[in-house]
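Q: As you go down the protein sequences, you meet chains A and B in turn. Quick note on my numbering: the first sequence kicks off at 66 and runs consecutively. Quick note on my numbering: the second sequence kicks off at 66 and runs consecutively.
Some hints here could point you the wrong way.
One copy or two, it doesn't matter: identical chains are merged, so the pair holds either way.
As the list claims (entries may be wrong) - Here are the computed lysine-lysine pairs in the DSBU-like style, where the Cα-Cα straight-line distance is at most 30 Å:
1) K315 <-> K423
2) K611 <-> K524
3) K645 <-> K226
4) K81 <-> K524
5) K187 <-> K81
6) K226 <-> K315
7) K187 <-> K423
8) K524 <-> K621
Keep in mind the hints are simulated off the structure, nothing from the lab.
Number of protein chains: 2
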Amino acid sequence: MTEHSLIPVTFYPQNKTIAVSPGSSLFEAAIESGFFIRGFCGGRGICGKCKVKLLNQQLPHTPVEMKVLSEEERKNGIHLACKTIVNNALSVEVPEFGGDKETRALTSDSNLEFELDANIQKKQLSLQESSLSDQHADQDLLLQALALPEPTEIPLPVMQKLPQTLRSSGYDITAVLAGNRVISIEVGHNLDKFGVAFDVGTTTIVGSLMDLNSGKMLAVAARTNPQAIHGADVISRINYCSSHVDGLKKLQKLAIAALNEIIEEVLEQVDSAPENVYEISIAGNATMNHLIMGIDPSAIAAMPFIPAFKRSQTVTAGELALKAQPLAPVQILANISGYVGGDIVALILAYDIHHSDKLTLALDIGTNGEIVLGSRKRLLSCSAAAGPAFEGGHISSGMRAGIGAIDKIRLNHNDLHIHVIGDVAPVGLCGTGLIDAAAVLCDTRIIDSTGQITTPDGKIPDALQRRIISSDSGNDFLLVPRSETQTNMPIIISQRDVRELQLAKGAIAAGVEVLFNELGIGAADVEQVLIAGAFGNYIDKDNTFKIGLLPDIDQKLVKFVGNAASMGAKKFLLSNAARKEAQRIIEFTEYVELSARPDFQDKFMDAMMF
Amino acid sequence: MTEHSLIPVTFYPQNKTIAVSPGSSLFEAAIESGFFIRGFCGGRGICGKCKVKLLNQQLPHTPVEMKVLSEEERKNGIHLACKTIVNNALSVEVPEFGGDKETRALTSDSNLEFELDANIQKKQLSLQESSLSDQHADQDLLLQALALPEPTEIPLPVMQKLPQTLRSSGYDITAVLAGNRVISIEVGHNLDKFGVAFDVGTTTIVGSLMDLNSGKMLAVAARTNPQAIHGADVISRINYCSSHVDGLKKLQKLAIAALNEIIEEVLEQVDSAPENVYEISIAGNATMNHLIMGIDPSAIAAMPFIPAFKRSQTVTAGELALKAQPLAPVQILANISGYVGGDIVALILAYDIHHSDKLTLALDIGTNGEIVLGSRKRLLSCSAAAGPAFEGGHISSGMRAGIGAIDKIRLNHNDLHIHVIGDVAPVGLCGTGLIDAAAVLCDTRIIDSTGQITTPDGKIPDALQRRIISSDSGNDFLLVPRSETQTNMPIIISQRDVRELQLAKGAIAAGVEVLFNELGIGAADVEQVLIAGAFGNYIDKDNTFKIGLLPDIDQKLVKFVGNAASMGAKKFLLSNAARKEAQRIIEFTEYVELSARPDFQDKFMDAMMF
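All chains, full assembly: derive it from the sequences and hints.
A: Below is the structure:
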């Protein structure tokens, strides 16, 4: 067999060298080697986020790069990693703005009250050794000591450990039970038991280490969902599965690797090891749930949008190659539909919306906007394709809410006051910053009701007037000039950015209207509004109403509940009762398919207006 | 890393070359490469069965070889493979007498009557495709169509296949159920379902392909248990596990490889494939059952002789790497004790001894001799360490009952009539031949009551007299001179061979006596004798009594039942009721530990006499 020789590519400032097959794109090669370059469009050259600088060599720019990169960038040797084909040894500088771990807002949590009722039991057993006159088999000794109602299940890996464990422990062992299944036997008596509750978002994965004895959270960690390199939203992930050999396997592997990194990080914080993790819960949207399980989600993307499963699934950590006890159950939260997934079930579960007397409107604003409306009498749900605008995706200067992101903008005297996360020079604009900017531009009528960036000469302060820049594709609004940014690129809001925001907020607002209609109520009837999602806790309530993301409801009724999916995942992990509840939730909650509703399109057109 | 370079060794007449690490024994190296050289003692140089001829080079003989090999053999370049250390390239001739597949007597079968009640069900399903107004998940469609009582289990590999299988089949699928577990889903409607029932003996493995729809046997195949290279009996296998790193893994791998060869062979006979095998049953002695499951059997070998399990075990074909549907259940028959295993449960099950009114004595004569005595009122069992004599092991000219084996010997006029399997020049002597020979020698008083080979001058025909040959270690009895054998070696019965036979038959006869005592009965009370085991069908009934293997029972009551373990394994495979019965059998059958019985040693000394 002949093999192509591999080509070295070195990344700076990390000074890390990888070996690349000739002809690969730099973007894909980096990802395959576990080296993260950000990107939102799955390597199609659209998002322009995977910029790198070639240090030792000049390459011609492709037509796509000519379009996306400025002349100055091109002069400086900037390329798109996804459009750079590796044929010779390369030295590459990767801009790093804002570490992955610093992502804020994702690990915040409220205290929820529920009874601790963990699935995992540890039993200390002192067995009576067999004798010549009493030749009990090892298995029978264990079963007698456990004294559980039949059938007790002892899987093969436990049977394989049993003879040695009994004899090396002097017959003093600890048996770990998940229901009637013995998932581990251990020498001596160790009662530590941990679980990990995951919220697997399209953009971000958060894992919480829970003490299954006390119910307390011991540690938390987050990672960017590394699948993001193959597309920002669930549809592009699903397309990646359908259009790439082993695409499903690759996406599964990426997610599992991130989950394992999180497990290692939270265990390190309490100085423990994967063998002490006995159960895992996962709340993700339906597509994430499918990808983690290695189940093809293609049918979710095409009419009639069918998931492989709705009810909760139980597999083992070993089956998913998760770093935990190999037989530890992994509980994947039930989905209501292909687009209202386990994360929303977690939200309903966390706040007991299906048991509440209060008529509740709950929104989870992430890459998709899921909406829940109702009470214990009737509960509706739907999903509106908001796109990644609220997470900084598809926005010229967009980024996630990490160090260097502009997250707050206010009108201060006659100009803008701009706040940056981490108090550093700005890198880009995150979702809350975008909403604030839009609100300010609406207030000053720089954006008109149709969303056009206008030039209202003389009617606005000069400082603002100067920020309006005309271009071929309409006006842009300058937030920070290039001289003041980390990237040496200006931070702007383009006309296209405003359109993206309109689509996003319009979809959600129209979805809410459809559910109002379906339930036969109006905004005035709503008694409680819960806003969940990555940016929920940091959003400016007032501006949310100003841009028309939320209908005309008393602001006092609005509560930001942060990472509700994580909360639900924890409850699901810690309470057997909650697991039954999840099944009731998916049976009780009606799903409204917006694409089947003729009224949705009308409302959507209206709701895009400011 | 540096690596030793490997040394080529070529085997003739097969002309097969393997690569060997320098310093390995030729025996082990051959086995590791999957090249079978027979041997009974696990490479200790005792059995003298692994003779090979070095073709290109003269090596000195070790002290062990000096003792085991004749001067002529040594002159001819014969060595023991287990004592030949590979340091240079070698060409080796391996004598091949009697193919493995020709082994007779192992696949014979009686027809048993029982109700077919297979565990595996195939259901043809035509599902109603989901629509926008009826967005059932794939899993729910399947569960609704199956309409089984909850909980129905759909394992992850089936979930992973589900979306594609539904859509590529136009929603016409076949679901395969093992109880409430969906073990496979298949495109279209195919109702074929096969199972394989294995009898895993210490020496021989037999597999029967069964049609799970009709209960009929479709094909059968047998293999020498390749673990035999690491010892002839269960104790030496267990010692191998304890004394070798990865010993357990190696023995498991060898057995699984043989099972897979058998599966392939039986499937070839019906032109089918592993994906149509949905269930497997295994009846072996307790040690074989442990080794196949990868469970350390060490505790069986040491006081108080404890197996890891007694009750029947269920694992999956995938867990054992067996060639079948990965989720096909593998049912391992229950053991009564560490030395009365699943093969004996299979015997009791096949003949319903525990339900019988007849007082039954059942013997399984293999490498161990297991004995069952009783009726539906009370049933006893024990195991006597007979050694491998009845299977040709530890006997000078011993071999298994294959082509070239002397299997029958009669006194004909004044000399011997000798019958050879396959009507070829003889190679050696199998168990039935050994019993016949001993009976003839007893009849003619060449063997006295203590087992001594005497020279009763003048009292026996000259032809027999001439066969008695004096040697240092006592007299030998010549069966076939070297000029008439395939091996150019004489076939003899040595004084040591007679001692081996005495130990074997003495152990079994004493075991029977102990059970008689325990049950408070005598030989005259026995109403039925069942003799199972590899050589059962071919043994001479009369001679069995003559040499004192069986007590003084009416010969008419004796029935040879052949491979009863195979029969029981088939019943276990085909009948759910039989599985429950197996559990009743191990609860009902008492185990008598002979090593704990002071009366056993006395009876053993007596029973060794002729």
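Q: Given identical chains, is K611 near K524, meaning Cα to Cα at most 30 Å, within a copy, between copies, both, or neither?
A: Within. Shortest intra-copy distance 20 Å satisfies the 30 Å Cα cut-off; inter-copy 125 Å does not.
Q: Checking K645 and K226: alpha-carbon separation at most 30 Å within a copy, between copies, both or neither?
A: between (33 Å within a copy, 26 Å between copies)
Q: How would you classify K187 and K81 at a CA-CA limit of 30 Å: within, between, both, or neither?
A: neither (45 Å within a copy, 55 Å between copies)
Q: How do K226 and K315 come out at 30 Å by Cα distance, when the copy is not named: within, between, both, or neither?
A: between (33 Å within a copy, 17 Å between copies)
Q: Given identical chains, is K187 near K423, meaning Cα to Cα at most 30 Å, within a copy, between copies, both, or neither?
A: neither (40 Å within a copy, 49 Å between copies)
Q: Regarding K81 and K524, is the shortest C-alpha distance of 30 Å or less found within a copy, between copies, in both, or in neither?
A: Answer is neither: 54 Å inside a copy and 95 Å across each miss the 30 Å cutoff.
Q: 30 Å Cα cut-off: does K315 pair with K423 within a copy, between copies, both or neither?
A: neither (44 Å within a copy, 65 Å between copies)
Q: 30 Å Cα cut-off: does K524 pair with K621 within a copy, between copies, both or neither?
A: neither (33 Å within a copy, 121 Å between copies)
The structure does not agree with the numbered hints 1, 4, 5, 7, 8 stated previously, though it agrees with the rest.
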